[in-house]
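A.B. asks: Read off the chains here:
8 protein chains.
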Amino acid sequence: MSGFEDLGFCKLDVDRYERTGHPEIVFGLGKTADHVEAIFSRLVEVHGRALVTRATAEMAERVLPKFPGAKFDEVSRLISFGESARRLPGKVAVLTGGTSDIPVAEEAAGTAEWMGCEVDRIYDVGVAGIDRLLSHKDRIREASVVIGVAGMEGALVSVVGGLVRRPVIAVPTSIGYGANLQGLTTLLAMMTSCASGVTVVNIDNGFGAGFQAAMILQLVAEGV
Amino acid sequence: MSGFEDLGFCKLDVDRYERTGHPEIVFGLGKTADHVEAIFSRLVEVHGRALVTRATAEMAERVLPKFPGAKFDEVSRLISFGESARRLPGKVAVLTGGTSDIPVAEEAAGTAEWMGCEVDRIYDVGVAGIDRLLSHKDRIREASVVIGVAGMEGALVSVVGGLVRRPVIAVPTSIGYGANLQGLTTLLAMMTSCASGVTVVNIDNGFGAGFQAAMILQLVAEGV
Amino acid sequence: MSGFEDLGFCKLDVDRYERTGHPEIVFGLGKTADHVEAIFSRLVEVHGRALVTRATAEMAERVLPKFPGAKFDEVSRLISFGESARRLPGKVAVLTGGTSDIPVAEEAAGTAEWMGCEVDRIYDVGVAGIDRLLSHKDRIREASVVIGVAGMEGALVSVVGGLVRRPVIAVPTSIGYGANLQGLTTLLAMMTSCASGVTVVNIDNGFGAGFQAAMILQLVAEGV
Amino acid sequence: MSGFEDLGFCKLDVDRYERTGHPEIVFGLGKTADHVEAIFSRLVEVHGRALVTRATAEMAERVLPKFPGAKFDEVSRLISFGESARRLPGKVAVLTGGTSDIPVAEEAAGTAEWMGCEVDRIYDVGVAGIDRLLSHKDRIREASVVIGVAGMEGALVSVVGGLVRRPVIAVPTSIGYGANLQGLTTLLAMMTSCASGVTVVNIDNGFGAGFQAAMILQLVAEGV
Amino acid sequence: MSGFEDLGFCKLDVDRYERTGHPEIVFGLGKTADHVEAIFSRLVEVHGRALVTRATAEMAERVLPKFPGAKFDEVSRLISFGESARRLPGKVAVLTGGTSDIPVAEEAAGTAEWMGCEVDRIYDVGVAGIDRLLSHKDRIREASVVIGVAGMEGALVSVVGGLVRRPVIAVPTSIGYGANLQGLTTLLAMMTSCASGVTVVNIDNGFGAGFQAAMILQLVAEGV
Amino acid sequence: MSGFEDLGFCKLDVDRYERTGHPEIVFGLGKTADHVEAIFSRLVEVHGRALVTRATAEMAERVLPKFPGAKFDEVSRLISFGESARRLPGKVAVLTGGTSDIPVAEEAAGTAEWMGCEVDRIYDVGVAGIDRLLSHKDRIREASVVIGVAGMEGALVSVVGGLVRRPVIAVPTSIGYGANLQGLTTLLAMMTSCASGVTVVNIDNGFGAGFQAAMILQLVAEGV
Amino acid sequence: MSGFEDLGFCKLDVDRYERTGHPEIVFGLGKTADHVEAIFSRLVEVHGRALVTRATAEMAERVLPKFPGAKFDEVSRLISFGESARRLPGKVAVLTGGTSDIPVAEEAAGTAEWMGCEVDRIYDVGVAGIDRLLSHKDRIREASVVIGVAGMEGALVSVVGGLVRRPVIAVPTSIGYGANLQGLTTLLAMMTSCASGVTVVNIDNGFGAGFQAAMILQLVAEGV
Amino acid sequence: MSGFEDLGFCKLDVDRYERTGHPEIVFGLGKTADHVEAIFSRLVEVHGRALVTRATAEMAERVLPKFPGAKFDEVSRLISFGESARRLPGKVAVLTGGTSDIPVAEEAAGTAEWMGCEVDRIYDVGVAGIDRLLSHKDRIREASVVIGVAGMEGALVSVVGGLVRRPVIAVPTSIGYGANLQGLTTLLAMMTSCASGVTVVNIDNGFGAGFQAAMILQLVAEGV
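Chains as they are written, first to last, in our numbering: chain U, 108 to 331; chain L, 108 to 331; chain X, 108 to 331; chain W, 108 to 331; chain Y, 108 to 331; chain C, 108 to 331; chain E, 108 to 331; chain H, 108 to 331.
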């Protein structure tokens, strides 16, 4: 099991930096604060930096005192420490349909930033007032990758997909009620979108979108 | 059972004109050509006009020879005969996202026309090329009622809902594949739309949208 | 972004009155009390009136002291301030199947009233005791628009749809259990209703129905 | 395995008459014509009568020539031979919402008749024209058991359930499209009906409803 | 609205006894304690007895002190007062698959008893230990109506349906986890059961089964 | 890629015999007759025997003439050639609920036999006539592994699971209609079964059950 | 009801040891602490040992003081007392995809151990770092039965299924969010797995997998 | 509507090349051969090249004779004419789990090639024989973008996602049966995959994946 370290309760993928260009990122949901603390500590020892997603306040209370400089952002629920030595080229635009989508958007933005990306946040530009979106058309077109975070019918990404010459990553959010089915409707709607060049990640998975954006810019940085 | 006529296999609602302002309209799906012919004939006797939705070629072959002037439109699948004596005020705009939505849109348009509405068709204005829609903004705003017919994620109606001061009726279509779930995704997405003032009818139910539009204009015509 | 005002966390659609005849209405669900207070204040400055749907007691405690005359209705969960200068013609009948549907019905009624409509409430007329509904037939027929709020199988709107010559807007509610699937069954049942002229809004979306009713009466008021 | 007879491909329940008061009834769907013929023949030998549901024309061609007096009804898809020696008391009212529900209603009616019931057919009394139903109120109330066969939102049984002092059995049909989901919406809607005293059978299962009605009248006949 | 009494928040169906043989029964879920108290009081005035299903402890605290003799059963969640003057003939067997199904079974049993039925409780006879069920075969066969209450795959009613010559009413319960889908799997499984003569009510709807059983025995009592 | 052979359109797993004790078995569904013929030929060359599941008549016409002794069974849709040199100990009982489940049961039986198992077929023992099943109790208990093939609510395996001291593998079939949802209801019902010691394979996946049974008996043969 | 003991609220299957080789195991979910205590006590009297799954701390507080030596494991939620007199041959490997799957894995392991199996725990070997799994290939292949516990897409069992010559039992867990649908996606994905020889139990049903593994090893122990 | 050309039945997006770097690509599904021919002809006039996805043989018969050099590929169902003047840097690896996934993979590959990408096809490397995949590890890692096309549980992309430092795009296919739910299970499983850096497109949407891959390489070509 070269490349993995057995912490007893888990097998830490210390080799991931080598394979993928980034250390393993800790998915906090369903883990105990004990486990997160142990993994975090070991990652900092090995890589000098670490990131926890879906972190809780309890996890933050355990990790922050031990690592001066570590930060917990309550909106994005990210605990981060250190940063990528390498700045990736280009810019990631993160758009939201409404204000309720901001926590998920911040998870995407925070993940991409920690991985070395520059992020441009363009929030509350849902299509019900289409001029809000169109007035930012040039700014959106300047981005190298666009992340569209939206709930309800997810129409934002369909419109954006038709405006840009860059990859668009859609993040459905669980904002909505009734027919929204906790974001499942948004996910399926984004899947069946009439715009080309749009790919989709799981409901509320800001992390996945930010990660994929960084992978794309890493490709640009490293060349083909 | 005053107001109903027993044709044996069905109870014809001959009083509906009195109650709702329009003769009963025949839903062809699942009926035999025999039944449609019998109902059609009786409706023409009573009201001087009739309309069949979801008609088949076989039904048309039975009805058209008997009623010179009756028409069968293959796209909308409507058999119509006669027209409303009364022309309703205003105009109904019927929009589609793509060319595949046209049959459903024509069912809406044909129904509204038969009921006395003027219809303005604005087809293939889906949001992936948002300029197509925006270039018709003024024309859409002139309509008294807007019907938005779209498949996939149904984003068209979300954008239109934010542009107009008039009621918008959304018709999800079963165009699409995979995550579209035969139009169910579109239906749910339109339901959870971020635009106010949008109501929705069943998948592919152009008839229902045209009918509701005519009801609204009938209200305008008759006053409150 | 003419017509939009950037409040930092959101882009306020101050131009909506111009476009649609009504100020932007605030959807409280998922917003912080801070955000609601800020948006509410700015809307009152611009338009002299404001409405919040799905408001919480916490939001009310923030907004009411600042705006004497503002009201919070616990049943409908609406915070309202000011009213439409213009009274719309006609009358909106709001029906419910049972007593549990009243909160959603009140959201519909309160929204329509705030937008200038006269509302006639006819509650607890579900079809299991059909005489209750039929005894109000004339009163229902006098309305210009009918809103039917019902849970369970939603049969109320199917019966009403066949009684009137006016548009009917159906609001499925999440009342019920088991096979009701939190209102999804009601929504789909209303969609597939055997009555013509019925359109549907999202589960528990009283606001959407009230808004659409006001749009129809605004059309009557402004003419085609 | 007393009470069962091994035909090789199946184990015939020849003892069912003893246990339940009726011979085993053959469910034709998915069986070969060979199998149906063999089972039918053996049932006639043992009981002097037999019934096949969901029969095909091919099955009829095999069975009818062998058993003079056997009948195949194309609407209900029943092959029947002989009849119950015993006439059950009371009357079963079979109602349908529309004309498309008739085949399922006929399966219910034919099954009940073969089992010894008197049946009163009241078809096309859907609630969109509520007077059709109400004009038959007395006739419906005279029945000992009421079977309501309806598609779409199934509202018929909710109204009927509130009118009678007798058990109501609901049969959802797969008539409809889009949000109807091949009858699943109707099934769930009938389940969540606001009327008490209504029980439900599977989609299009006219047989099950007719059988249950006969079981109820058998109870009346035999006493408690 | 003859037969209905307007209590302001609801329209009480005081005529239901006349129509159906039983006073209106109050469905407590989603009602306030105030409403339940008011309805309960009026029903007792009119009919001398009343029944509330899905009652809460709070409702009981309001109703019991006012009506000496009223009872609240915590298992079945029924508040009952008075009883049917008429004892219905025969016996209702109420079976459960497991011990967790008992609350729903008690709702069925309590409802049937309040309506005048004699009830025989046969609990914890699920099919995984088939001898438990078979050892009660004679007792089950003596019943006039059988109610089968079961969760999980609901196999109990399939086996029972094949054993008796009497109507079987199945009540799916929400007991189970994972693939059980809160009882939806059980409901659908019971619907598609291989046994004839079984009808089904909503998930956890013990009331509905008890009510239907009483309707059947009322038919026996009153004759056809 | 040691252990795999590149046939151009596929990578044949020639090493599977080594790894799992059995040659790769060809899943015919969705493959062309060309592909099946090529794979079949190569498997026979390497292992001296081959098995195709979900085979079509067209595939059989291609394969049988080339390999005298190869057989195509129309019921199970298996093309088989050669047999396991090793006879596995014990016996696999294959049960079905009804006659319509036989094709899936034959796929299970044929697969197990080709892999060296002895099979005991016990068909049409569904629980609606529970004596049929119970009369074979001893024969079922003699089996080393029991495969229960059933449609509808799948109750057969729940009863069997409680009768035996051996592993039970459940195969849901797509037999049924309406609420059966093409076997999905059966699958979920079997999952949530009240019997312990039951595991489940995909809908109509007789092959998977037969394969697992053979794996269990291979373990017995080879020892732990 | 020979073999069953009536405890009033339940019918204890004291004969199960005889029939299946193991005493009845108590499913704690939905039972009261009273009931669990009573059943536990009686099982210990009859068999000298007992096991409760899905136990709560409250149940443990009731049972442990009475039975010195009884243990409550908080991770697996098992209360166990005594052990199988017989040690089963071979070894059960229990694998998990991640650390969050451990509680379910421990339920499987604890059940199998209580039934006499030796268990080898191999945790956190999900396929996103495939080397973790492959580095344990030999250890996995040594097992007589493999239990794969995984959430999300459940890919672990597909890979394992292709590596071993032994039966694989898959346990989907409810770990995940959004498109995971509380484990339903994992369950269906495991069902449709591309690996042969894999059977599946209900979501989070570690008990079922452990039980089936023990049944397989019991077969080995007892011979065919 | 600058940038759009009105062909009567559709509004051609002739400006798309300008906006996105590629001409509009024609989605053939649901279009008539007439429409496809007209759009194709106009696209060739404007851009000198054109691509139709989901093309039928009938469309090919109309288009190919008119445009010598145009090709119809029956596997991918693409009609293509001309090619991108610009060759994009890097390489797109297209992987499939099985041979049945090849048509979808070819749609992805053909689209990417037409847009100027170099494609490396690595087919039939599903995880049930993990060595097939691992033996191509280096080749996969050389790609700039990886497209994983798989049916069933979609495990391929989870494994690949953990192996590479490049963006992975997953395409679920509708290959499978039963619990596969026509690819919906695969789609949801890929969404909830345990691997980071994976995004997903609609079921069978090879085009979308190829397009997104080309957008990424276009970014590399044009620089940020």
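Calculated from the structure, these hints are not laboratory results.
Please read these numbers as outputs of a predicted model, since none were measured by experiment.
Worth double-checking, as some hints may not be accurate.
[To be verified] Looking from chain X toward chain W, a few residues come up when the C-beta cut is under 7 Å (computed):
id, residue
1, S148
2, G269
3, G283
For each residue, glycine too, the CB sits at the ideal point set by N, CA and C.
A.B. asks: Does each hint fit the structure? Answer for all of them.
C.D. replies: Results for each hint:
This hint is violated: X/S148 has a C-beta 42 Å from the nearest C-beta of chain W, more than the 7 Å allowed. Among the interface hints, the one on X/G269 holds; its C-beta lies about 4 Å from the nearest C-beta in chain W, closer than the 7 Å criterion. A hinted interface residue such as X/G283 counts as satisfied when its beta carbon comes closer than 7 Å to some beta carbon of chain W; here the least separation is about 5 Å, so the hint holds.
Consistency with the previously given hints fails for number 1 only.
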